[in-house]
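Residue-level listing of the chains:
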Amino acid sequence: MSDAVAIRLSVNGATLERRVPARQSLVDFLRDGLGLTGTRAGCEHGVCGACTVRLDGAPVRACLVFAAQLDGARVETIEGLSDSGEIAALQAAFHARNALQCGFCTAGVLVIAAELLKRATVPSRAEIRGLLSGNYCRCTGYHAIIDAVEAACHARAGNPG
Amino acid sequence: MSGPLSFLDRPNSYIGKSVPRPNARRLLQGRGVYVDDLRLPLLLHAAFLRSPYAHARIRRIDTARAAQRSGVVRVATAADLAGLYTPWVGVLTHMKGMKSAPQHPLAPGRACWQGEPVAAVVAESRAIAEDAVAEIEVEWEELPAITSPEAALAPGAAAIHPELGDNLAFARSIEAGAVDDAFARAAAVVTETFTFARHTGVCPEARSLLAEFNPADRQLTLHCSSQAPHMMKEIVLRHFALAESDVRVICRDVGGSYGIKIHVYPDEMAVIALALLLGRSIKFVADRLESFVSDIHARAHRVEARMALAADGEILAIDIDDLTGIGPYSTYPRSSAVEGNQVVNLVGSWYRCANYRARLAVAFQNKPPMSQYRAVGHPIACAVTEGLVDLGARALGIDPAELRRRNLLADDAYPCTSPAGLRFEKLSHQRALERLLALMDYAGLRREQQALRARGIHRGIGLASFVEITNPGPAFYGVGGAPISAQDGCTLRLDPGGSVTCAISITEQGQGTETVVAQIVASVLAIPLDRIRIVTGDTERTPYGGGTWASRGTGIGGEAALQAAKALRANILALAGAMLQAAPADLDLGEGWIVDSASGQRRIGLDEVGRVGYFRGDTLPPGVQPELVATRHYQPRDYPFAFTNGVQASWLELDIETGFITLLKHWVVEDCGTAVNPLLVDEQVRGGVVQGLGGALFEECLYDEAGQLLNGSLADYLVPMAGEMPDIEVAHLATPTQTSELGAKGVGEAGTAGAPAAVMNAINDALAPLGARVAAQPFTPERILRALGRI
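Protein sequences, first through last, are from chains G and D.
Quick note, in numbering that gives the first Met the number 0, the first sequence goes up one by one and the last residue is 160.
Quick note, in numbering that gives the first Met the number 0, the second sequence goes up one by one and the last residue is 790.
Keep in mind that the hints are not guaranteed to be accurate.
In the EDC-like style, the derived pairs of lysine to aspartate or glutamate whose C-alpha atoms are separated by at most 20 Å in a straight line are [unchecked claim]: (1) D:K664 - G:E149; (2) D:K95 - D:E243; (3) D:K565 - D:D494; (4) D:K16 - D:E740; (5) D:K95 - D:D165; (6) D:K664 - G:E126.
These are calculated hints, taken from the structure and not from any lab test.
All figures in this text were calculated on a predicted structure; none of them were measured in a lab.
With the rest of the complex left out, here is chain G:
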């Protein structure tokens, strides 16, 4: 393909070399190029948050990043975060509180929620709502998601319950 761009990057800890179409988004690259379908395309214009992944340590919308920009980048997706065990406590809290229904938005929600767990202090429910306000969920009503994130933050801070 004439407009292909060579990139070398790390995805979930593995170093990869690929040639990607110049117009391919990160979400399409992950899904179609690497078979990492856990990252989902919800709106493809940066609003719904379903495609949120971690790029160089910070959450980004994978639909708003071109794969061709990723030379030298470090990408972590829901598959990598799951397999490393980094978000296991968060996933367990989501499971216990049924903080998901159809599951389509869940990977993006978890990637954002994991940011909250990095903080030293336990956020308020309003703060959790604020941070998650860029992740569209049509099923749950958000309440259980807030519950689960709150519980995981408390558990991490060593607070009971």
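Based on these hints, arrange chain D on the given structure of chain G.
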């Protein structure tokens, strides 16, 4: 320990237990499989050219340049698909006078809404297909668009489909009691025109279909994101003249549906036609922008309403006139008249009011088709009824909670029939109201509200009682000729190791269907939950049934599972009796064992029953044939629907300078009968509430007069996000239906039914001291400020 109802009370019963969903684990790791995640060799991808006009004639289409692009396999217009299918007409024969026009996969000669598919491109990738779509040249002749239902039904209006004569798709009127007399003797008459904006489902996973075609055996496997695989199969058989054995429909994970994905869409039918035409597998996943103009819309209604009340607050009569526009076609196969029909059926039905008049007119127009979307008709009926009740309370100077208390159907009044003919088996409106008032500390909130008003803080309290239609029987769709099953089936198989495989015809879209079914089966068979494997969403591997919609999964599918489990239990005990030379009646199941029913002593494991049943039949007495599979079906027959009831409350603050509303808290008390899994029920209710709040506060498909959508992206069409939503407290009453052994009614739509009314009443409660009120949803800051006369 035995007996038909004992499973409910067994110490280890899972009924009523908030167990987490086993199948949520893979979703939490991103390892669910939605249609777009499927990868097939040589898969092709479809994209559509859609009409840029609300109404236009296609004078000429030139696809030559598009077809020549590298990677394009086929460009098709209506002419290319002719003869491959039969068109469909979305009418139900039991709804007298309903009419619609034949619909096609691609618009033949004329497009009737902005977004109607006109041409399809099939290519090696979606990107290539989209590039080619841009190369299709169309010479359009724009035609006058009829966008409002008022214009559509005005005398002399041109008929969108001339062969139908006019634009009236359906009309109905109801007259019960002596309405005019009641209004004549009323102490107060309140009137309002309520309007509800056209909005849409915005499923996180857009509509998706992969039509897998195997040319060797001519097998068509449709991987659908849908709620009703058996229905979809039947539709495809009918319209593509295929044999039952040639089509299989599989629904794996579904990324939200809410009714949106239960309808027949022209673009999806075009994909099927092209797969058959080309002998290839084709995937179509709508992008977000085309979803806004091609998914069904819902809820656009204008209801003129009035209520007559006596001085003591007795509701004497209700009179409503509902006008709705459904787009240019009635949607197939459920039709587009059901929403309006449910509005006129439901209004006022939870109050003791015998005098009721309703008129409904359903009009064709040049906008995307409207049809059933979560809580069909309920949010409209509830807002109209509860809005009138609050107006009546204000007119008479009676507290709104007290007015409801005086008029709600009494908890000892059942069974009874509403003026529109709805039959209620047993509801709990009065108890629900009192429970809600206690839960929210209604009196305390009123005091707080008064105190804050004195400080210039404008808060409002809104109440909304409601009923919800659940567990529909065959009189809902089947009687009208639609291939929609009201019954469901469940097959259970004891496997050799003592675990159970369950295949059931209801489907999972995240509600927790599989978990609830497993809980029921595990309770009857007294085995741990993790020894049950559930199979859903596959026409080849499950019994025949309706699927999951209209809040029917647990009530109908759950009862089928219960009966199948009882049958399998009897089969297991019969075999165990033969093995142990004991009477089956003296044996029972307990924690994976065959136990002595009198002493509870363990005799043999279920794995031993399975082992002997499958591998060592030689050790059984002569004539004993193990039957370790059981199937049962269930459909509700005693009542057309199992109604549920509930009541919601909203507590919010209004900024009169900006018109912004802050939702502070929301409460729901609902009664779905037996709640198999309260954890899942709670989040169903909450999700429903938020979906209702979206329509009440944010969501509107904004159209200009030419029928052009003005806000067709997620950046412009507002949906409720975590930041704006309140905590939602849910409490339950349980009035099990006696029509089934499980006693479960539905709950999927209760939240959506009542939330818009509760928030509307809360806003008007906050506005009342300022002499303002609103009745047009969504209640945007602009509308609030206009009501206040500030802009």
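Comparing the hints with the structure gives:
Our distance criterion of 20 Å between C-alpha atoms is met by K664 of chain D and E149 of chain G, whose separation comes to about 18 Å. Simply put, K95 of chain D and E243 of chain D have alpha-carbon atoms about 31 Å apart, too far for the 20 Å limit, and the pair is violated. For the hint linking K565 of chain D to D494 of chain D, the alpha-carbon distance of about 16 Å falls within 20 Å, and the restraint holds. Proposed proximity of K16 of chain D and E740 of chain D is supported: the alpha carbons are some 18 Å apart, at most 20 Å.
Between K95 of chain D and D165 of chain D the CA atoms are separated by roughly 16 Å; this keeps the pair inside 20 Å, and the hint holds. With a CA separation close to 16 Å, the supplied pair K664 of chain D and E126 of chain G stays within the 20 Å bound.
Figure legend: structure checked against the earlier numbered hints; the only hint not met is number 2.
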